[in-house]
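Engineer: Going down the list, the sequences are from chains U and Z.
Heads up: the first sequence at position 187 corresponds to 469 in this note's numbering, and the numbers run straight through without jumps.
Heads up: the second sequence at position 253 corresponds to 289 in this note's numbering, and the numbers run straight through without jumps.
I should point out that these hints are in silico values taken from the structure, not numbers from a laboratory.
Incorrect hints may have been included.
[As the list claims (entries may be wrong)] No more than 25 Å apart at the CA atoms, straight line, and that leaves these computed lysine to aspartate or glutamate pairs for DMTMM-like:
{"#": "1", "chain 1": "Z", "residue 1": "Lys-149", "chain 2": "U", "residue 2": "Glu-485"}
{"#": "2", "chain 1": "Z", "residue 1": "Lys-145", "chain 2": "U", "residue 2": "Glu-298"}
{"#": "3", "chain 1": "Z", "residue 1": "Lys-300", "chain 2": "Z", "residue 2": "Glu-313"}
{"#": "4", "chain 1": "U", "residue 1": "Lys-395", "chain 2": "Z", "residue 2": "Glu-313"}
{"#": "5", "chain 1": "Z", "residue 1": "Lys-384", "chain 2": "Z", "residue 2": "Glu-215"}
[To be verified] From chain Z, some residues computed to sit far from chain U (all C-beta separations above 12 Å):
{"#": "6", "residue": "Arg-87"}
{"#": "7", "residue": "Gly-123"}
{"#": "8", "residue": "Ser-175"}
{"#": "9", "residue": "Pro-192"}
{"#": "10", "residue": "Asp-242"}
{"#": "11", "residue": "Val-298"}
{"#": "12", "residue": "Phe-340"}
Because the structure is a prediction, the values reported are computed rather than measured.
All C-beta atoms in this analysis are idealised placements derived from N, C-alpha and C, irrespective of residue type, glycine included.
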Amino acid sequence: MSWENFRFALFEKAPEALLEHSMIVVVTIGIAILISIPLGIFLSRPRFKKFGLFTMNILNLLQAVPGLAVIALALPFLGLGMKPAIIALLFQSLLPIVRNTIAGLLGVSSDVKEAASGMGMSQRRILLEVEIPLAIPIILSGIRTATVYVVSMGTLASFIGAGGLGNLIQGGLTLFRPEYLLVGAGLGALMAIFLDRMINYLEYRITPPGM
Amino acid sequence: MIVLEQITKKYPGQAMPAVDKLSISIPKGEICVLVGPSGCGKSTILRMINRMIEPTSGIVKINGEDVTQKNPDQLRMGIGYVIQQIGLLPHRTIAENIAIVPRLYKWPKEKIKQRVDELIVMMGLDLEKTRGKYPAQLSGGQMQRVGVARAMAVDPPIMLMDEPFGAVDPIARTHLQDELLRLQKEIKKTIVFVTHDINEAIKMGDRIAIFNAGKLVQFGTPEEILTNPVNEFVEDFIGRDRVVKKLNLYSAGDAMQPIRCVVKENELGNAAQKMKEAGAEVAFLLNKAGKACGHITSSDLDEFGKDLGGLRKRIGRTEKAFVQTTTPFPDALSLLLEYDADYLGILKGEELCGMLSFKGIRKHVYRKEGE
């Protein structure tokens, strides 16, 4: 261990890696949210509930494939770089958000929905003004799980040339430089903790005071 | 007026229809109570009026219009709906909850705020304290008040109430019932009220419909039902004490008898003579301020004779034996028993205006029974 290597890893290598890593996380989670929440809403509607089990099984299956395998499998199909990495990570981040969206929406008390509908609120209005606001804390907690997941899985993305904190870890391993390892893994952990806390705070803030 | 014609509701997988060829007309401006044991289809009937449930066959008409011709959301916006579970939106304040239907009608903000404030006050809630609170911060009784206020927000002519007071404690329930009755005198809505509690039905209903196994067994005023139950089921359902229950329908004013003899407190010595002159069994006493303060009967006089001290004591016992004209019979009876008296004075405000006796109550109820 040398201070010089550590300093180099932290100040010369890490900023770029961190930026790439954040990029991977933000884009992946952004796309995952755009896909999962509408999918969850769709699957929670009474008419489409029958597709729910089927879809959830597929997502479960995707989730069950080890992360490294997903990344490796993406390579022959999608090539190298950040894009295939994001697609591979996406597969793994959909499940928690879809699952929590469905759970959150179905968890809204049927009394509240019945009263809303009995007052003449349309199904659309009930979804937008009652169900989603009440489900948001649970949906956010799904997003939190997915985010932490992508941060840690993202370190594997460097295997297919996507960059990120995985580069530092890989470099550390091949060059026998524990300083690189420490900086890469440490920053990854900090990032995961930071995002987890941040979304947790958001959940807390967004939960209506009456609940 | 709400008319149900040959309404049948069959749920898939059930042999017996939940509601079987029901026809009933619910008159305008009255409280009509649907009552029956659980599973008799009363809630289903209620929910078919605002199309929360669609009937398998038959027609529901409101003021002559078939409800299936209307958009269900539009239909429901025009009908107040209160359920036992209340169903306040937990993420909205009380004011926002009450404002839901006015917002659906796109009322201007000022008008909504004014109406919400009016309703909070009308329901006997503290305006400043309640407006900004969330439902979870209220007690059960308060929440149901908000539930009722919310249903009345746009002043709909019809209100559907599904066991509205079923989940609140007995004291709050009595309060809510009394208040709804008081309000109803002013607002004169057509209210369809579902309950499984026959006492609540008797108290609340201008008309009561008794159901069993999806069929209407009897439909009539509480008096009719208590007087002439059509069959054993109704008899059992209203209970062996149906005549005692009937007492609830009358108040002291109904059986009021005139007072023949009034004696001032300082003329107590002459009471016997005065009563004899008036041919009265009982004399009421007024104190110096002219307020009624008790009564004596001829048997009291026989017992005490000239012993004014003893007489005063006896009178003291009846010091509180007074009711208002609006006091219901059961409360009056309870007072008669409590003071071991044969008579009660009836007050209108502070003023003595008549008397009520055991005999009077018995005669009144008997007469009604015989009608």
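Engineer: Run every hint past the structure and note whether it holds.
Structural biologist: Outcome of the hint check:
{"no.": "1", "hint": "Z:Lys-149 x U:Glu-485", "in the structure": "30 Å, violated"}
{"no.": "2", "hint": "Z:Lys-145 x U:Glu-298", "in the structure": "52 Å, violated"}
{"no.": "3", "hint": "Z:Lys-300 x Z:Glu-313", "in the structure": "16 Å, holds"}
{"no.": "4", "hint": "U:Lys-395 x Z:Glu-313", "in the structure": "73 Å, violated"}
{"no.": "5", "hint": "Z:Lys-384 x Z:Glu-215", "in the structure": "21 Å, holds"}
{"no.": "6", "hint": "Arg-87", "in the structure": "10 Å, violated"}
{"no.": "7", "hint": "Gly-123", "in the structure": "3 Å, violated"}
{"no.": "8", "hint": "Ser-175", "in the structure": "14 Å, holds"}
{"no.": "9", "hint": "Pro-192", "in the structure": "10 Å, violated"}
{"no.": "10", "hint": "Asp-242", "in the structure": "23 Å, holds"}
{"no.": "11", "hint": "Val-298", "in the structure": "57 Å, holds"}
{"no.": "12", "hint": "Phe-340", "in the structure": "64 Å, holds"}
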